[in-house]
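Undergrad: Here is what each chain is made of, one letter per residue.
2 protein chains.
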Amino acid sequence: MGLSDAAVEELTAIGTQIVHRSDLKNDNLAGITAIFGWQRDLAPALATANDLRFIQSYSAGVDYFPLDVLRAKHIMLANTSGIHAIPIAESTVGYILAFARGIFASSKKTPTNFWDQQGVRSNMFTLTNKTAVIFGTGHIGQKIAEALAAFGVTVLGISHHGRPVAPFAEVGTDQQSAEFAHRADFIINIMPLTPATKGFFNQSFFATLTRQPFFINVGRGPSVVTADLVAALKNGKLRGAALDVYEQEPLPANSPLWDLPNVLMTPHVSGNFAEMNDAASEIFTNNVQQFLQDETLAQNEVDLSQGY
Amino acid sequence: MGLSDAAVEELTAIGTQIVHRSDLKNDNLAGITAIFGWQRDLAPALATANDLRFIQSYSAGVDYFPLDVLRAKHIMLANTSGIHAIPIAESTVGYILAFARGIFASSKKTPTNFWDQQGVRSNMFTLTNKTAVIFGTGHIGQKIAEALAAFGVTVLGISHHGRPVAPFAEVGTDQQSAEFAHRADFIINIMPLTPATKGFFNQSFFATLTRQPFFINVGRGPSVVTADLVAALKNGKLRGAALDVYEQEPLPANSPLWDLPNVLMTPHVSGNFAEMNDAASEIFTNNVQQFLQDETLAQNEVDLSQGY
Chain P
1 MGLSDAAVEE LTAIGTQIVH RSDLKNDNLA GITAIFGWQR DLAPALATAN
51 DLRFIQSYSA GVDYFPLDVL RAKHIMLANT SGIHAIPIAE STVGYILAFA
101 RGIFASSKKT PTNFWDQQGV RSNMFTLTNK TAVIFGTGHI GQKIAEALAA
151 FGVTVLGISH HGRPVAPFAE VGTDQQSAEF AHRADFIINI MPLTPATKGF
201 FNQSFFATLT RQPFFINVGR GPSVVTADLV AALKNGKLRG AALDVYEQEP
251 LPANSPLWDL PNVLMTPHVS GNFAEMNDAA SEIFTNNVQQ FLQDETLAQN
301 EVDLSQGY
Chain V
1 MGLSDAAVEE LTAIGTQIVH RSDLKNDNLA GITAIFGWQR DLAPALATAN
51 DLRFIQSYSA GVDYFPLDVL RAKHIMLANT SGIHAIPIAE STVGYILAFA
101 RGIFASSKKT PTNFWDQQGV RSNMFTLTNK TAVIFGTGHI GQKIAEALAA
151 FGVTVLGISH HGRPVAPFAE VGTDQQSAEF AHRADFIINI MPLTPATKGF
201 FNQSFFATLT RQPFFINVGR GPSVVTADLV AALKNGKLRG AALDVYEQEP
251 LPANSPLWDL PNVLMTPHVS GNFAEMNDAA SEIFTNNVQQ FLQDETLAQN
301 EVDLSQGY
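Chains P and V supply the protein sequences, listed in that same order. With the UniProt record's numbering, the residue at position 3 of the first sequence is 3, and numbering never jumps. With the UniProt record's numbering, the residue at position 27 of the second sequence is 27, and numbering never jumps.
Worth flagging that the hints you see were computed from the coordinates, not collected in a lab. Among the hints, erroneous ones may be present.
Heads up, the list lumps identical chains together, so a pair's fine if it works in one copy or across two of them.
As the list claims (entries may be wrong) - Straight-line Cα separation of at most 27 Å, BS3-like style, residue types lysine-lysine; simulated pairs: (1) Lys234 with Lys130; (2) Lys234 with Lys109; (3) Lys108 with Lys130; (4) Lys198 with Lys234; (5) Lys108 with Lys234; (6) Lys73 with Lys198; (7) Lys73 with Lys25.
Using the sequences plus the hints, can you model the full thing?
TA: Quick look at the structure:
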């Protein structure tokens, strides 16, 4: 991660001075107008007197920022919402196909028990006419919906406001969660982490499931109560889970998730892609240029009161 | 595998008598008009005097049938070409996304080295603007092409005749194999096994590659010279391989493929899906009904001189 060479060149050409964090004495932000990226241990510096006007995050979700401090100090925050939509949609389809096409099951085999065709076949299916419920109908949710619809999946959405949005067949509010989830073969979380979504996928949510869906989390780990997810996988409420994010990150080596046979895991990478650095740098460069003109941001400004 | 309950009912209703192989004395085919499915050790029975008029295979490829004997005895052969297109296309996309989205790499991790984000990220990519070359432009090849094109992949095809067919951006003949393969990020084999395709993917084919593509085999194992594939993976001509079929099946536990870090394998299951039995039974039922009318087959008759 870091500013792309193209961005460094462009910003330098318009007279911007670029300073690496390692060159800041005691993280003193005096004279710094904008930050690209974030590290949690910068929070104390933010709270002190400084000249900061905006931060460009590297991620779509901004739950790990001290949003109250930013609000109090009138520091703007921009995210990279949009650039992660295609990679996360591809990851989500990849997780689902890994279960559907015997790829995950085969990955657990050894040279001596590999040719268990019947065991693998009996759990295989195609996506045709399946139903997915996506929690979160923003940019990324829409891209996931589009990718799944291309395979003949009916895609339903749940959002805070419940407004219809393409390509979802139906969108409901939180009130319809149980009703929608009840119809799901795949439940996919891509909600931002807010007080309302923290611990959303808990025992009472999983208890309503009847069709043994797969659960896929490409949103935020703390939206799930891990102990309740583990119980739902053990008691058969869920057929399997694909997880990219975790309540505690890095995922502890002694997590009970490691003991379950039907959990596919990746280490919080679903939004990544080879050109991500360039894409994030481009948003930052746009925002810097706009800021120099009229002190506003060109794109991706976060509503600090909403948290996304 | 077996005739679906619906097919048994339908065929019985029109007066057809259904006999299980286990009830045939010494595999004596006298009085048997049609066979559903196949087992290799039935070949000797086929060569003896019998009343057989057609065989309905359970697969799309029919290379494992004694085609010369069928031809000599004027026994028709029908395949299930078409029904495997969606499952194989989904498997192919699943294999590619497993590599692209860090799913395969993560599956090799243990609780203690799982959170190697940088190691996983550095090999991740999206399918946007990638190029795939599919060897075989029939039903299945077309479905694979369609599924990949939906992710922004440019899809080229190679076929015996080289005729343009949707949704391939270009189709070439065998003569253009090297030229097309040279442009590929993914090389996918779905050709039938014939004398012309046996050993097609060999040392001289892999030697022409310059972009380190992934190789995916969902066609037939003997189209590949395994030793040459292993060498291409070791010397970096290929970035990885996803294999569903093998030169020798079941895949031996001591196959050199097991020693390679970048090979994703499934046990010849990519064409499977939950409703496969029903779909194959339906083709057979259609063919029986047509045969009873005019002694021809309604669908999926194989050209015994071509082998597909």
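Undergrad: Are the hints correct? Go through all of them and say.
TA: Hints, one by one, checked against the model:
In this homomeric assembly, Lys234 and Lys130 come within 27 Å of each other (Cα to Cα) only inside a single copy, at 23 Å, whereas the closest approach across copies is 40 Å. Taking identical chains as interchangeable, the C-alpha atoms of Lys234 and Lys109 lie at most 27 Å apart whether they share a chain (21 Å) or sit on different chains (22 Å). In this assembly of identical chains, the alpha carbons of Lys108 and Lys130 lie at most 27 Å apart only when taken from the same copy (25 Å versus 29 Å across copies). Only within a single protomer do Lys198 and Lys234 lie at most 27 Å apart by alpha-carbon distance; the minimum there is 22 Å, versus 47 Å between protomers.
For the identical chains of this complex, Lys108 and Lys234 are neighbours both inside a copy (18 Å) and across copies (23 Å), given an alpha-carbon limit of 27 Å. Proximity of Lys73 to Lys198 under the C-alpha cut-off of 27 Å is restricted to the intra-copy arrangement: shortest distance 26 Å within a copy versus 70 Å between copies. In this homomeric assembly, Lys73 and Lys25 come within 27 Å of each other (Cα to Cα) only inside a single copy, at 22 Å, whereas the closest approach across copies is 89 Å.
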